[in-house]
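**Q** The opening position of the sequence shown corresponds to residue 1 in the numbering used here, with each subsequent residue numbered one higher.
Just so you know, these hints were derived from the structure itself, not from any lab.
You may find that some hints are simply not true.
Using C-beta positions, here's what the derived DEER-type ranges look like [to be verified]: (1) Arg201 - Leu171: 39 to 45 Å; (2) Asp35 - Ser15: 31 to 37 Å; (3) Pro34 - Val98: 49 to 55 Å; (4) Ile199 - Glu104: 29 to 35 Å.
Positions of the beta carbon are idealized from the N, C-alpha and C atoms, including for glycine.
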Amino acid sequence: MPDVDYYAILGVRESVSDVELRSAYRKLVRRAHPDNGGNADTFQRIQYAYRKIRATRTETKPATHPTTTATRRRPDRWKRMICWSCGTRPARRPMVVVLTKLDEPDQQIGLPYCDWCWSQRVNVRDRRLVSALQTAGAMSKIGFALVVLALLGLLTMIGYLRFLFSPSDPLAPVVLMWVVIVVVLAAGMWPIVKRALAIRRTARDFHQRLVDHPPVNELLDLGYRF
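Please work from the sequences and hints to get the whole structure.
**A** Spelled out as structure tokens, the structure:
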């Protein structure tokens with residue numbers, strides 16, 4: 001097919017890039033496919049024009065000669081990362097904690113962790129915090145039972161004073177019962193408060209470990225948050 005403008009058949013200029021040429025070819029060949037109601041001759045002409053253009057471009061490209069110098073493959077981005085916690089290069093893709101600037105959400109910085117640091121230093125502490133928040137120890141359970149007992153005693157005392165107590169009754173048993181209720185309530189609240197303070201202290205230590213690291217401290221000063 002001499003004197004045929006194959007670029008015109010595909011509807012592109014001669015200066016079009018390979019990517020744009022391929023995109024235009026796919027659109028035309030999809031539209032002209034006989035299964036989509038297109039014309040078979042047009043479909044074949046588009047395919048032929050694309051093959052001719054590709055062949056011409058391949059012939060005009062400078063030939064590459066093999067050399068003895070080995071080409072260096074660019075490593076994956078994660079292989080150049082250094083663990084923020086231990087400072088070593090991870091052998092596998094690291095877990096990345098992302099810090100986001102609150103006033104500018106599009107600005108983010110990732111802190112990579114190797115598998116060991118994530119599982120032993122970060123993830124374990126997170127699981128401990130979650131476990132501490134979701135479960136209660138033996139002393140906390142005993143304290144909760146004492147608090148319930150004190151509340152039941154308080155309801156009993158209110159019912160007694162409301163319906164059974166008279167001004168002529170002695171006050172000593174009533175005062176004694178109030179003292180017992182207060183003591184039981186305090187004994188029940190003590191382990192609960194102690195465990196809550198321990199959870200808060202653990203969370204504060206975990207947060208302080210992040211904040212004390214100079215790079216993170218600078219990021220937090222700039223407005224970045226987890």
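**Q** Next step is simple, just say for each hint if it's right about the structure.
**A** Evaluated hints:
1. Take arginine 201 and leucine 171: their Cβ atoms lie about 43 Å apart, and the range 39 to 45 Å holds.
2. A beta carbon spacing of about 33 Å between aspartate 35 and serine 15 agrees with the range 31 to 37 Å that was offered as a hint.
3. With their beta carbons about 50 Å apart, proline 34 and valine 98 fall inside the hinted range of 49 to 55 Å.
4. At about 33 Å, the CB distance of isoleucine 199 to glutamate 104 agrees with the hint of 29 to 35 Å.
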